[in-house]
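Asks: Could you slot chain B onto chain A? The hints should help.
The listed protein sequences derive, respectively, from chains A and B.
In terms of the working numbering, the first sequence is numbered consecutively and its last residue is 540.
In terms of the working numbering, the second sequence is numbered consecutively and its last residue is 105.
Since the hints were made in silico from the structure, they are not lab data.
Don't be surprised by glycine CBs; every beta carbon is placed ideally from N, CA and C.
Hints are not guaranteed to be accurate.
As the list claims (entries may be wrong) - The list that follows gives simulated cross-link-like pairs (lysine-lysine, PhoX-like), each with its CA atoms no further than 25 Å apart:
hint, chain 1, residue 1, chain 2, residue 2
1, B, 38, B, 90
2, A, 271, A, 481
3, A, 12, B, 90
4, B, 38, A, 4
As the list claims (entries may be wrong) - Anything over 12 Å on all C-beta distances counts as not near chain B; from chain A, calculated:
hint, residue
5, 33
6, 138
7, 368
8, 392
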Amino acid sequence: MNQKVICCASQKMLHGLLCWTPARFREWGTAMVAELEAIDHPVELLHWSLGCVGIILRQAIWNICLGACCGAWFWITAKEEGISVRNARMIAVSALLIALGFFLAPSFRQGMSVAADTLDYASWSHRDNSTGEREPERLRINAERERDARMLAYLAIHEDRLDLAAQDADHAVAIDPRWTWVYYVLIYRGTKNWSSRPNLQTAVWAKKLREWDPQNAVNYLVDAETNYRITERNQVLDEKRSRGRYVRYVDQRTGNRPWMEMMARAFDATKYNSYFQERFDLERDVARQLGSDRPLRLTISMMSHPLPSVIGCSRYERFILSNATNPPDLVQQTRRVIAFGERMMAADTEFEQIVGRSIALDGYKKLQPMAALADQAFLGARIVQLEIMQHARIGSGITLALAMNARIVETCFVLILLAAMTMAASAAVFIFRRMRKSRAIGIVSYAAVGIMLLASIVAFVAYLPYSQLVAQAMDSRTPVKVGLPLLGTLGSFGMTFLYSVKAHVYGWSILLALLFLAGLWLVVRQFRKPPARPAVVSAG
Amino acid sequence: MGNGIRMSRQTLAVLVRLLAEPTSWRYGYDLSRETVLKSGTLYPILMRLTENSWLETRWEEAEPGRPPRHMYRLTTSGLQQARRFVAEAKARGFAPQLAPEGIRA
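Bound conformation, chain B alone:
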């Protein structure tokens, strides 16, 4: 596909989850549970999306005794691109594999 992002089933799953709540910041572990992706698969995807400016990241405010966590959200351009790609993928019958609602998410 375009912009140096390989539109795999896993990438699509991550985008679908991010599109579900586009304005809220998401944690890596939560995305991993919702998409049933292992950390070794999820983070390279997040890194690629960030490198292509589809994602913006920030560190949360640190709570005492806990390290700060990294959070992710689609950028404005990323939101448009992601919507377009997900629509195209669905039109081709390319369905992302997600965790069943209520079980893992």
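Same shape as in the complex, but just chain A:
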């Protein structure tokens, strides 16, 4: 019974599809369909039918495309039409080609991709680690074959599965120990969701980091925080178990001995580096290597780079300053705090610089009353300087200044999308009407081509300042302190009205296109209505 139904349904569907294939193929199509009667197993019947559908669809699509191309050529040359119609069509086709030609310009393509990424709310909330590449597996195989430590490190950072990421990181470090800092990113990912089971490998990674870069405060900070979070999690879970609900938890970092020891080593370390420059170089190099034209992805990726715990640093600093037993001890502790704060101020991110300034300020303020008279003037000046810097306006003026350009680019992007959809819809209507002419379709298509050309020109010009900034940021000589703020100007794309709707741009576009198609259908119907009969007037 099933087999009969499948056979019958397949035959009907395939015969229907055969109508769209070229005449020379129909005999073969009929031959394939005829074989269905000889197949006595339902699964094989299905397989055979699917194979037939594949071939017939391929032929049908080819036939339609060929027909459309021929139709378009006859339409453009329009020998039977007047010279004005022919000229109008030539102008429309030229305009369309020019508009499409803009896509050959890398800066235009980049602008469109940035607009698409920005309007797509999902890409802003995309804080996970996907590479954005379609074939990370292929990249991994190639990297392992060519022993490309840089690519393996990149894949380790962007791999969603932590176990696979750890494997990539191990391979990268085995090939070239310079990539050991990748463990720093993995440690944070391993403890990101602290309410779930922590990854036990984090301790091993933290140890490797400390051994590789023993003078870096960040490696001790990360270890202190990881250990504390694991302990804290266990305590909260114990509380929950005993009381049957979560309780408000009081931070007990300073009561945690391993945490205190690690923080002490962090404050005494001689350098502070959260591997921001290394990460930026890696992301930028790989983006260039893969020919990626999506600077916004690079920016978002950098935004996901972990930074050491600010709460931990502040808490330790306040603890050691308030628990100094005597004045010499207090002086020594303030000097430690100031040194750590100054080191942190030299970090690559604005956030770390602010925290570092705050820590150093606390130290200077404590030290000033106890310092010798000769030093007090210097300390006072430094305090004033740091306070001014702390109250300086944060944020880039360029980002605000370019907000209008971002709006223009996004609006043009939507217009280009709509124009393309309109042209596709017009072509579809034209084909389904069996190439019959329609004034309405003609007008709509001309309008769409005009809008596309205009929007392309405007978008190209409006995106030019961004393309210059991005080009500078992507230059390998540009340090992260300069490069990231330059890329950060793309943040003005997040200030647009469409972004505030937080809707998926494609959803809007499809809705608008559907509305437009409905309107087009009404117009076409109107044109197809037979002319009203003249009223019959009786002679009598």
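Replies: Here is chain B on its own, set in the frame of chain A:
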């Protein structure tokens, strides 16, 4: 190779099956079972072989209640070409993948 036919492993498999009984007419489904090729792979090969005059085709006499089926056989020139190509391929160690005898054929 020559004559506009790409000598893939699949094409070779089809030729080997056709060479096994060169005088008899074969159905598409039978060839598909013997060569373990899906319809989407087999028919483009048959079309190419026919276009290059290696194959001749005909429709069988229709039985009542069943549509007529298409049948295929190597032409005289196709037979010679196919023998030559299969021999060359075997000499190069290029073996076609076929269904095990007695299981699918």
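Asks: Each hint: holds or not?
Replies: Status of each hint after checking the structure:
Of the pairs offered as hints, the one joining residue 38/B and residue 90/B holds, with about 23 Å between alpha carbons and a cut-off of 25 Å not exceeded. Proposed proximity of residue 271/A and residue 481/A is supported: the alpha carbons are some 18 Å apart, at most 25 Å. About 43 Å separates the Cα atoms of residue 12/A and residue 90/B, which puts this hinted pair outside 25 Å; it is violated. Under the criterion of a C-alpha separation no larger than 25 Å, the hint pairing residue 38/B with residue 4/A is consistent with the structure, at around 21 Å.
Not every C-beta of chain B lies more than 12 Å from that of residue 33/A, the closest at about 8 Å, which undercuts listing it as non-interface. With a least beta-carbon separation of about 24 Å from chain B, residue 138/A lies farther than 12 Å from that chain, consistent with its non-interface assignment. Distance to chain B confirms residue 368/A as a non-interface residue, since its nearest Cβ pair spans about 83 Å, more than 12 Å. Every Cβ of chain B is farther than 12 Å from the Cβ of residue 392/A; the closest lies at roughly 67 Å, confirming the non-interface assignment.
Of the numbered hints given earlier, the model fails hints 3, 5; all others are met.
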